[in-house]
Structures are given as structure tokens and as C-alpha cells.
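Participant: From first to last, the protein sequence lines are chains A and B. Under this note's numbering, the first residue of the first sequence carries the number 1, and numbering increases by one thereafter. Under this note's numbering, the first residue of the second sequence carries the number 1001, and numbering increases by one thereafter.
It should be emphasised that the hints constitute simulated quantities derived from the structure, not laboratory data. Built from N, CA and C at the ideal position, the CB exists for glycine as well. Honestly, I wouldn't trust all of these hints.
Covered by chain B, per the in silico footprint, the following chain A stretches (three or more residues, Cβ under 8 Å) [as the list claims (entries may be wrong)]:
hint: 1; region: 96-107
hint: 2; region: 113-125
hint: 3; region: 201-215
hint: 4; region: 231-238
Restricting the straight-line Cα-Cα distance to at most 30 Å, the calculated cross-link-like pairs of lysine-lysine (DSSO-like) are [said to hold, decoys possible]:
hint: 5; chain 1: A; residue 1: Lys224; chain 2: B; residue 2: Lys1034
hint: 6; chain 1: B; residue 1: Lys1118; chain 2: B; residue 2: Lys1030
hint: 7; chain 1: B; residue 1: Lys1116; chain 2: A; residue 2: Lys228
hint: 8; chain 1: B; residue 1: Lys1034; chain 2: B; residue 2: Lys1118
hint: 9; chain 1: A; residue 1: Lys21; chain 2: A; residue 2: Lys256
hint: 10; chain 1: A; residue 1: Lys4; chain 2: B; residue 2: Lys1095
hint: 11; chain 1: B; residue 1: Lys1030; chain 2: A; residue 2: Lys245
hint: 12; chain 1: A; residue 1: Lys4; chain 2: A; residue 2: Lys21
hint: 13; chain 1: A; residue 1: Lys6; chain 2: A; residue 2: Lys43
hint: 14; chain 1: A; residue 1: Lys43; chain 2: A; residue 2: Lys151
hint: 15; chain 1: A; residue 1: Lys245; chain 2: A; residue 2: Lys224
hint: 16; chain 1: B; residue 1: Lys1030; chain 2: A; residue 2: Lys228
hint: 17; chain 1: A; residue 1: Lys21; chain 2: A; residue 2: Lys151
hint: 18; chain 1: B; residue 1: Lys1116; chain 2: B; residue 2: Lys1034
hint: 19; chain 1: B; residue 1: Lys1034; chain 2: A; residue 2: Lys228
hint: 20; chain 1: A; residue 1: Lys256; chain 2: B; residue 2: Lys1116
hint: 21; chain 1: A; residue 1: Lys224; chain 2: B; residue 2: Lys1030
hint: 22; chain 1: A; residue 1: Lys228; chain 2: B; residue 2: Lys1118
hint: 23; chain 1: A; residue 1: Lys256; chain 2: B; residue 2: Lys1118
hint: 24; chain 1: A; residue 1: Lys151; chain 2: A; residue 2: Lys6
hint: 25; chain 1: B; residue 1: Lys1030; chain 2: B; residue 2: Lys1116
hint: 26; chain 1: A; residue 1: Lys146; chain 2: A; residue 2: Lys43
hint: 27; chain 1: A; residue 1: Lys146; chain 2: A; residue 2: Lys4
hint: 28; chain 1: B; residue 1: Lys1034; chain 2: B; residue 2: Lys1095
hint: 29; chain 1: B; residue 1: Lys1095; chain 2: A; residue 2: Lys6
hint: 30; chain 1: A; residue 1: Lys21; chain 2: A; residue 2: Lys146
hint: 31; chain 1: A; residue 1: Lys4; chain 2: A; residue 2: Lys151
hint: 32; chain 1: A; residue 1: Lys245; chain 2: A; residue 2: Lys21
hint: 33; chain 1: A; residue 1: Lys256; chain 2: A; residue 2: Lys6
hint: 34; chain 1: A; residue 1: Lys43; chain 2: A; residue 2: Lys256
hint: 35; chain 1: A; residue 1: Lys256; chain 2: B; residue 2: Lys1034
hint: 36; chain 1: B; residue 1: Lys1034; chain 2: A; residue 2: Lys245
hint: 37; chain 1: B; residue 1: Lys1030; chain 2: A; residue 2: Lys256
hint: 38; chain 1: B; residue 1: Lys1116; chain 2: A; residue 2: Lys224
hint: 39; chain 1: A; residue 1: Lys224; chain 2: A; residue 2: Lys256
hint: 40; chain 1: A; residue 1: Lys245; chain 2: A; residue 2: Lys228
Given next are the chains, with one letter for each unit.
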Amino acid sequence: MTLKSKGVLLLYSESAQLDYKRLADIAARLAEHYLDVPAAIVKLDPVQKNIRTFRYDDGLETIEWNNIGRYSAYELSPYDETLLIDTDYFVQSDTLANYFGSDHDFVCHNSSWDIAGNEVFRHDRFLQNGGNGFEMRWATVCYFKKSEHAKRIFNAWHMVYENYEYYSKLFGFTPTPFRNDFALSIAHQICNGYANTTTFDYALPALSTTDSVIDYNDRRWLIKYNYKNSHNVLRYTGDLHVMNKRGVLDTDLHNKLWNSV
Amino acid sequence: MTGPSGPVILSSMENLESYARERFELARQKQTLKEQQQQRLTVTYNGGLFRVDMTLLNYLYMKNVNAGLFQQSTECIMPDSYDTPIEINCEELLKLCDARWNEVHNDWHNEYQLLKTKRKAGDVEV
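Isolated chain B, as found in the complex:
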């Protein structure tokens, strides 16, 4: 290869290829980690099954704040993940959802830190 930057270009291309492969594998493993953690985000309450997500958490927080500020009721009817209307106490359900959310996201964060640092196949262990 000619030119002053010939070997350098070749070397960068090789690096780029291996970098792209690494990023591809990281993206794949990140997706797996997301799926494995998200399947744990379900809680059972009063015969209903609720998927804990930001919308549900926001709603429950808002209901509890309104109850404190404007003396609104914390009791309400809400459809669960299967569209079955369930009688809930927002305070109780919030406690449950918040605990599950934190548990899952802490694990997710810890696993992600390990994933970021252990990049070579030989470094990954259980």
C-alpha cells in the first residue's frame, strides 16, 4: 500500500471492523439484558396483574399527592394488564410497584456495569 498514511488506514479499517463487531455484540447483549429484566416488572394486586411502567408509577404518585393535597380518595378502579377492572388502593399499589421497580432497575444497573466492562468472551463468567 502506498501513500504516507497507507498502513495507518489499513490498521484503522481493521480496528473499525472489530470495533463494529464489538458494538454489535454489545447492542445484542444490552437488548437481552433489557428483556430479561423487563419480564420481572409485573406485580399481583387484588387478583389483578399490573405491569409496572412509568405511566402506572406516575399515575399512582399523582393520586397519592392529590390525596395529600386535596383530600381526594386513594381508592379507585383501574384496569390491569388484561383489561380487568380492579379495585385498588393507590397507596398500597404504589408501595408494591415502587419496590418492584427499584429491585429490577438496581439489578439491571448492576448487570449493565458488568456488561460494559467484560467485553472479551474469556472475561465473561458466572
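Bound conformation, chain A alone:
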């Protein structure tokens, strides 16, 4: 009997403003520890530069955001079963390990929840603002196995990227910047017969760019969040997609996360 290989895959591209490699290293280390599988980090050479403006607590910042190429994950993964995670997704539990060995070919999130309770992702429920009935998918965390069905989804993802302007008009979203979430949403919908199926059974836990991690200890995050003009803190335990990446690269916080496992 051949044992199926399983592992975590992280893709990153170099950016002048942010050390994505350092983020990938720490995200891989945590994933390996909590999911008890190996992790592979692959550097992507972007075929096209992409930029995105992030709104932080202290203003706006436009940074190079080379996210193109995620559709190559199927070919790049050295594993039979892969968990593809973003470099700013920090695993803190074995929840995702449940999906290894499951009956599914491709699973991703269909909703994201703001752990600070400000519901910043409420406009991201559908592909079009206001809702056109096409549910969003999130490319932050994807489970897939080497199968014909998964391969078709990745091929469709690539095809949507190639024809992104056309699909933006068809589904009613702005064509720039390119968003993997949108491309995956369309590919996933097409390959699943436009049925809202095979998504994770819980929402993607995320912290928006306007909130930040201020401390970490033993799987517990201390989060500073904004509400209107006031700040407050909350403690959170569990996996987390930290969109305010700069904070995680702060030496003190980075060391705490690195040395926690």
C-alpha cells in the first residue's frame, strides 16, 4: 500500500516593502507544528506586478502585492494532499488537519469573519457589491488533493486570470487589482455546477488591516481593535489570518511566535 503524502504549501513573491519570506517561514513553522505535516515554501516570480492599497490604523499604504500565480499551486505542490495557506495565515490548532484523508478534492472558505466583531467583510459575501447571488470564495486557505477535479479547478482559476477583465464585467466587480479570491470564486462555482458546496464548515477567522496584534503567548493573541473612535482589546485563541502583516514582522512579536513551538 502506498501512503499518501500530505503537507502544507506556502507561496510567496518578493516585495520591496514587506518581507514575505520571513512571514512564510513563520507561518510554515507553526503549520508544521500544529498540523504535524511538513511544509514547503515556494517562491513565485511574478509574471505581472500587482499593487494594492491597504488601510491601516495610522493611514493608507500602497504596496506591491504579487499574488499572481497561485493557480500554479497544483503543479507546485509536492504532496498528494495539500493545504495551501497564505503567508499571513497562522495556524494555531489542528482543526485543518481534519481535512487530510477526507473525501473531498478541493475545499476552501466561503465566508470570512472579522474576529474583532466589526464585520468588515460583510461586503465580501458575494462577487458583486450588493449581491448578485454568486457567493464568494476565499483563496487564503485551500485544501486539495491531486485529482482530476482539483486540477480542473486550478485550470479554470488560471483561465479566469487570463480573461479577468471579461469575468469582471460578467460578474460585476472592478478588474483591478487582480484578486485571487474572485478568480477562485468563479473557478470553484463553474467546476461545482454553481452549487455552494465543498467549502469549510466554519468561516475564515481574520483580523482586518485596521486592527493589530499587540501581544502573543501560548496560542493566545492579544488584539487591539477599533470601533468608531475608540480602541479596545480582546484575547483570541485559534488560527488567524492577520491582514495587518507589518505588525507580525515586529521583532518582539515575531520572536514570540517563532519561539512558541
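Fit chain B to the given chain A structure using the hints.
Facilitator: Then chain B, alone, in the frame of chain A:
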């Protein structure tokens, strides 16, 4: 402000405002705690993924009680969270679900006790 209860009313209004803010934040953090714990309530069994909730636990308990009382089978087919029919042994799945349920709810309870007592931002630590 005039009237015998003037200053008292003002003070109560201020208290009420800060009390309302506190309750608002508590409700928000309680919701976060609920979401963070509930995402752990999934178990894998025989290739299927099952969301552990009270309905599933009740069903499994009932099947096991019936097996003991009326010699009914503990084997059955049940759809998982993704509507895939999975062959299960109720005794095995119950053990798994019960363990996960207790683990999550104990953590939830402990975290909630901390949340209730640490109300000021400066008191919250990790």
C-alpha cells in the same frame, strides 16, 4: 442643573453610557469567543467530516441506548456535514464527538470566566 436629583441624574446617565459601552464590548467579545470555539467542533470519521452539535450527540446517544435496551444495531449510515453518506459505528463516533464536545466546551467555559472578570483593557493579557 436644578432639582433635588439633578446631579444624581447626570451621574447616572454617565454611568449608564459607560455601562452600555461595556455591555456592547462584552457582547462583541462573547460572540468572538463563541465563533472561535465553534470552529473546533468538527471530527473526522471514516472519511467523513461531522459537525458536533446537540442533534448529532442526541442521535448517537439514542442509538447507543437503543442498542443496549432493544439489541438494535450500532452500525448505521449517516450523512456527514457535506451530505456524503458514511458508514458509522455509533459507539465509536459518540466517543469521538463526546470527547471533542467536552474539550471545546471546557475551554469555552474557562475563557468566558476570564472574559467576565477582565473588563478593563489594561487587565486583559495573554
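Participant: All hints are to be evaluated individually against the structure, with a verdict given for each.
Facilitator: Taking the hints in turn, this is what the structure says about them:
Evaluation of the coverage hint for the region 96-107 of chain A: fulfilled, as 6 residues show C-beta separations to chain B shorter than 8 Å, against a requirement of three. For the region 113-125 of chain A, the proposed coverage by chain B is satisfied: 4 residues have a C-beta within less than 8 Å of a C-beta in that chain, meeting the threshold of three. With 5 residues carrying a beta carbon less than 8 Å from a beta carbon of chain B, the region 201-215 of chain A meets the three-residue requirement, and the given coverage holds. Given as covered by chain B, the region 231-238 of chain A passes the check, having 8 residues with a CB less than 8 Å from a CB of that chain where 3 are the minimum.
Between the alpha carbons of Lys224/A and Lys1034/B the distance comes to roughly 19 Å, so the proposed pair stays at or under 30 Å and holds. Straight-line distance between C-alpha atoms of Lys1118/B and Lys1030/B comes to about 13 Å, which keeps the hinted pair within the 30 Å bound. About 23 Å separates the Cα atoms of Lys1116/B and Lys228/A, which keeps this hinted pair within 30 Å; it holds. As the CA atoms of Lys1034/B and Lys1118/B are separated by approximately 17 Å, the hinted pair is consistent with the 30 Å bound.
Restraint check for Lys21/A and Lys256/A: the C-alpha separation of about 18 Å stays at or below 30 Å, so the hint holds. Our distance criterion of 30 Å between C-alpha atoms is met by Lys4/A and Lys1095/B, whose separation comes to about 27 Å. This hinted pair checks out: Lys1030/B and Lys245/A have alpha carbons roughly 26 Å apart, not beyond 30 Å. A C-alpha spacing of about 28 Å is found between Lys4/A and Lys21/A, which places the hinted pair at or below 30 Å, so the restraint holds.
For the suggested pair Lys6/A and Lys43/A, the alpha carbons sit about 20 Å apart, so the restraint of at most 30 Å is met. Proximity of Lys43/A to Lys151/A is assessed by CA-CA distance (about 21 Å); at most 30 Å being required, the pair is judged to hold. Proximity of Lys245/A to Lys224/A is assessed by CA-CA distance (about 14 Å); at most 30 Å being required, the pair is judged to hold. For the proposed pair Lys1030/B and Lys228/A, the alpha carbon gap of about 19 Å is at most 30 Å, so the pair holds.
For a cut-off of 30 Å, the pair hint linking Lys21/A to Lys151/A stands: about 27 Å separates their Cα positions. For the hint linking Lys1116/B to Lys1034/B, the alpha-carbon distance of about 14 Å falls within 30 Å, and the restraint holds. For the suggested pair Lys1034/B and Lys228/A, the alpha carbons sit about 23 Å apart, so the restraint of at most 30 Å is met. With a C-alpha separation of about 27 Å, the suggested pairing of Lys256/A with Lys1116/B holds against the 30 Å cut-off.
Restraint check for Lys224/A and Lys1030/B: the C-alpha separation of about 16 Å stays at or below 30 Å, so the hint holds. Of the pairs offered as hints, the one joining Lys228/A and Lys1118/B holds, with about 22 Å between alpha carbons and a cut-off of 30 Å not exceeded. Between Lys256/A and Lys1118/B the CA atoms are separated by roughly 23 Å; this keeps the pair inside 30 Å, and the hint holds. Distance check on the hinted pair: Lys151/A and Lys6/A sit about 17 Å apart at the alpha-carbon level, within 30 Å; holds.
A threshold of 30 Å between alpha carbons decides the hint, and for Lys1030/B with Lys1116/B the separation of about 9 Å falls inside it, so the pair holds. A C-alpha spacing of about 21 Å is found between Lys146/A and Lys43/A, which places the hinted pair at or below 30 Å, so the restraint holds. For the suggested pair Lys146/A and Lys4/A, the alpha carbons sit about 10 Å apart, so the restraint of at most 30 Å is met. Of the supplied pair hints, the one linking Lys1034/B and Lys1095/B holds, its CA atoms being roughly 23 Å apart against a limit of 30 Å.
For the suggested pair Lys1095/B and Lys6/A, the alpha carbons sit about 27 Å apart, so the restraint of at most 30 Å is met. Simply put, Lys21/A and Lys146/A have alpha-carbon atoms about 26 Å apart, close enough for the 30 Å limit, and the pair holds. Under the criterion of a C-alpha separation no larger than 30 Å, the hint pairing Lys4/A with Lys151/A is consistent with the structure, at around 17 Å. Note on Lys245/A and Lys21/A: the hinted pairing holds, with a Cα-Cα distance of about 12 Å set against a maximum of 30 Å.
With a C-alpha separation of about 27 Å, the suggested pairing of Lys256/A with Lys6/A holds against the 30 Å cut-off. A distance of roughly 25 Å separates the Cα atoms of Lys43/A and Lys256/A; the hinted pair therefore holds under the 30 Å criterion. The suggested pairing of Lys256/A with Lys1034/B holds, with an alpha-carbon distance near 26 Å, which does not exceed 30 Å. For the hint linking Lys1034/B to Lys245/A, the alpha-carbon distance of about 25 Å falls within 30 Å, and the restraint holds.
Between Lys1030/B and Lys256/A, the direct Cα distance comes to roughly 26 Å. Compliance with the 30 Å bound is thereby established for this hinted pair. Distance hint between Lys1116/B and Lys224/A is fulfilled; the C-alpha atoms sit about 18 Å from each other, no more than 30 Å. Distance restraint check for Lys224/A and Lys256/A: the Cα-Cα separation of roughly 17 Å lies within the 30 Å cut-off, and the hinted pair is therefore satisfied. A threshold of 30 Å between alpha carbons decides the hint, and for Lys245/A with Lys228/A the separation of about 22 Å falls inside it, so the pair holds.
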